[in-house]
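Student: Listed here are the chains, written in short residue letters.
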Amino acid sequence: MSIEEQNIVDIRKKIAFSKLRNNIFWIIGLFSTLIGFVLLFTLMIDLFIDGLPRLSWQFFTSYPSRFPEKAGILSAWVGTILVMIVTASTAVPLGVAAGIYLEEYGKKNWLTHLIEINMNNLAGVPSIIYGLLAMGLFVYFLKFGESILTGGLTLGLLILPMVVIATRESIRAIPNSIREASYALGATKWQTIKDHILPYSIGGILTGMIIGLSRAIGETAPIITVGALTFIAFLPSSPITSGFPFLSFRWLLDPFTVMPIQMFNWVSRPQAGFHLNAAAAGIVLLFMTLLMNGFAIYLRYKFRKRIKW
Amino acid sequence: MRNMISENLKAEVKKLNFYYNDLRALKNINLPIADKRITALIGPSGCGKTTYLRCFNRMHDLYPNNRYEGEIILYPEGLNIVDLKVDPIEVRMRISMVFQKPNPFPKTVFENVAYGLRVRGETKVNFLKERVEKALRQAALWEEVKDRVNDLAYNLSGGQQQRLCIARALATGPEILLFDEPTSALDPTATSKIEELIMQLKKEVTIIIVTHNMQQAARVSDYTAFMYLGEIIEFDITSKMFTHPSQKLTEDYITGRFG
Amino acid sequence: MGLLLSALSSIFITLSIVFILFYEAFGFFKDVSILEFLTGKQWTPLFAQPKFGILPLVTGTLLVTAIAVIVALPVGLIVAVYLSEYAPFKVKEIAKPILELLAAVPTVVYGYFALLFLTPILQKFITDLSGFNALSPGIIMGIMIIPYVSSVSEDSMKAVPMHIREGSYAMGATKFQTAFKVVIPAAFSGIAAAFIIGISRAIGETMVVAIAAGMMPNLTLNPIEPIQTLTAYIVGISLGDVPHGTIEYKTIFAAGITLFLMTLFLNILGFWFRRRIREVY
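Protein chains in written order, with the working numbering: chain S, 19 to 327; chain Y, 19 to 277; chain W, 2 to 282.
Everything labelled a hint here was simulated from the structure, so no lab data went into it.
Some hints here could point you the wrong way.
Now the stretches of chain S that chain Y is said to cover, found in silico as 3 or more residues with beta-carbon under 8 Å [said to hold, decoys possible]:
hint : region
1    : 45 to 54
2    : 165 to 178
Here are the computed lysine to any residue pairs in the SDA-like style, where the Cα-Cα straight-line distance is at most 20 Å [stated by the list, open to error]:
hint : chain 1 : residue 1 : chain 2 : residue 2
3    : W       : 97        : S       : 60
4    : S       : 31        : W       : 170
5    : W       : 97        : S       : 214
6    : Y       : 125       : S       : 312
7    : S       : 125       : Y       : 82
8    : Y       : 125       : S       : 37
9    : S       : 31        : W       : 124
10   : S       : 37        : W       : 172
11   : S       : 207       : Y       : 39
12   : S       : 126       : Y       : 39
13   : W       : 182       : S       : 60
Heads up, the beta-carbon is just placed ideally off N, CA and C, and yes, glycines get one too.
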């Protein structure tokens, strides 16, 4: 062969090798991506095999007990709901207000910059540190004790950055021409926010709120730190009372437990019977979380269709 | 610039200067705005025509580091609307704007037109319905949307959306209507409908229109001002400006030698 | 204005965290020498003869993190490259929500999985593997972190303009070569930020290790032994009664401040990398 022909053969070999490597990577890439799917699937199957038999009306309406067959998640899911009410009531107004301020009122000065740095940093702080903060601040300093109020406030602070970021991104998506049209008609800043900015960004805000809450439902560490108990055989005081004024807030200061703590408690016991309970609790938790996330993804999709910027 | 008008004035611009930070974007502008007439502003891109227009409804107040100098006097009372002591909200309630790209709110047709009225505190349903219909008729849109008044504005075509924005601007009964290149984003059919509409509207409201389309200015307006690099080069009755411009620069622009 | 106060809340929260940690840690360091804390090899604060060396907890944290990182960073990067450069639209549509869901699973559930599913399986291959160990939670944490690494990396790769890739393809390069020789270097800052986010998340993880790694501080680098992390220690103590002002109470803040400083350092590093991206484009 001539030198040229030899060169061409070499080049073709190199190209063949490159293409092979490329195709192998394609397969590796697909495989790696599917790992996520496979894992989720395996996890769910494992949970279902162990936990499904334990799911029953009795499971949902019983208190924890020393006997695995009798134990249930009543105090846990009631606690979760009550804590979530406090969490949402804290994180949503505070987060949306902060988001509106940063996007509509904040000027590019050092203060806004500092607020933003803090927001971003807080999103990366381990959740257990929030628990330590809450212990010092809410339990001891403000004397809220180891109560639903403390738990809810702690989680509220934890998901606050998420709500703020979601609010800011939805507000940013609103084109400036809409704001200008509103001002040109003589609206004040507050009217523009009330009639346009807020209504058009509600979709994104709701999505962020739901994702935040679904994260809060699964959070265990900070709640343990603020003293949620792991064996609660009673319910917090009812919010509805029979006498005037029919509404009570005593439950805010009651001790409590939540779903993930109940699961943690059962997983940590040596008896296999409790492991089955843990699996069942896990199914309920997983179901709640996936449902909320799925709903948020759906909401995001629907709102994107309705408002076409 | 001499005032060459013998008609009534709705407004008068006197020694208007405008600064973006230290950049002087408008230089000593003196112009009359004739009452119930159409005044057009032409000039190459970046000459300052939109900046000038947005002084009239204090749009520049929305952004930092802007400064007005000089006066825009509104008649009959002689109010200087670029004086910072004058509330921009009050100015915007008397002077409305239609933007270059149609920007209806993501609300119904009805709510779009009614918004300007709601902002003034009007809540009576019958009153709103009456004014919305009147505005939509003025904007030559009523026949096309009267059955779709509670549909989302986004379902209208581009030209219809722009007429909706015109109706929205008219609903509040403004004294001056500002048009910022209102047809540059529309097709020729929609464009000519809107040009017809603008000419109708001058019976009821004073109009200032900025356009980069010279033929449009020639077709539609009574008076034209030619602007270049932030200054008014020439101002005249439209027919005279386009047939016998007195400045060479004007003539070059009109005949297409630049811009 | 009420809105301003809400925004200031973030500064308030940070200040409170710093204040409380330092305040309580200060109380701790009045009784315990910093030297012993940083260099001591035993952590037995509740014994009659207490030892306050933080090293076993720190190595426990780092060991599990290292395992998680060995799993998450390569896989996360490969997934990001695949989704950004190779995957057809339909695959992306399915894969991205699934990765989001993977990140949304509560960590207790992952802990359950590590202890009751993965450890028994691993024990079939590694006979010495103790019931509590660092390997199993490390792997599970790695899997948990993949979505964080992949989504941030992918975002920064998407930001690389198309014309840069086209320059590479026009020279006859394959996707693989373009991705690794052109796109990844261009997206380096973002990918570094993604890695740092992953590491930071691993360090701060609590429940998976609390359930599956053990509650015994152990100064070792051997992943088949049980260990305790900083986070698990805090949880372990909090499960019992912790009256204000006792030595146990102070130790959790000592562990807490160590953890906080580690993640703070990483977060600042990550922030710095992310700022570099914005300057480039």
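Student: Evaluate each hint against the coordinates.
Tutor: Against the structure, the hints:
For the region 45 to 54 of chain S, the proposed coverage by chain Y is not satisfied: 0 residues have a C-beta within less than 8 Å of a C-beta in that chain, short of the threshold of three. Counting residues of the region 165 to 178 of chain S whose beta carbon lies closer than 8 Å to any beta carbon of chain Y gives 0, which falls below the threshold of three, so the coverage claim is violated. About 18 Å separates the Cα atoms of residue 97/W and residue 60/S, which keeps this hinted pair within 20 Å; it holds. Pair hint residue 31/S plus residue 170/W holds up; C-alpha atoms about 19 Å apart against a cutoff of 20 Å.
The straight-line distance between the Cα atoms of residue 97/W and residue 214/S is roughly 31 Å, outside the 20 Å bound, and the hint therefore fails. Between residue 125/Y and residue 312/S the alpha-carbon distance is near 28 Å, which puts this suggested pair outside the 20 Å criterion. Taking the CA atoms of residue 125/S and residue 82/Y, the gap is about 9 Å. The hint holds against a cut of 20 Å. Under the criterion of a C-alpha separation no larger than 20 Å, the hint pairing residue 125/Y with residue 37/S is inconsistent with the structure, at around 54 Å.
Under the criterion of a C-alpha separation no larger than 20 Å, the hint pairing residue 31/S with residue 124/W is inconsistent with the structure, at around 45 Å. Distance restraint check for residue 37/S and residue 172/W: the Cα-Cα separation of roughly 14 Å lies within the 20 Å cut-off, and the hinted pair is therefore satisfied. A distance of roughly 23 Å separates the Cα atoms of residue 207/S and residue 39/Y; the hinted pair therefore is violated under the 20 Å criterion. Proposed proximity of residue 126/S and residue 39/Y is supported: the alpha carbons are some 16 Å apart, at most 20 Å.
A hinted pair counts as satisfied when its Cα atoms are at most 20 Å apart, and residue 182/W with residue 60/S does not qualify at roughly 36 Å.
When the structure is compared with the earlier hints, violations turn up for hints 1, 2, 5, 6, 8, 9, 11, 13 and for no others.
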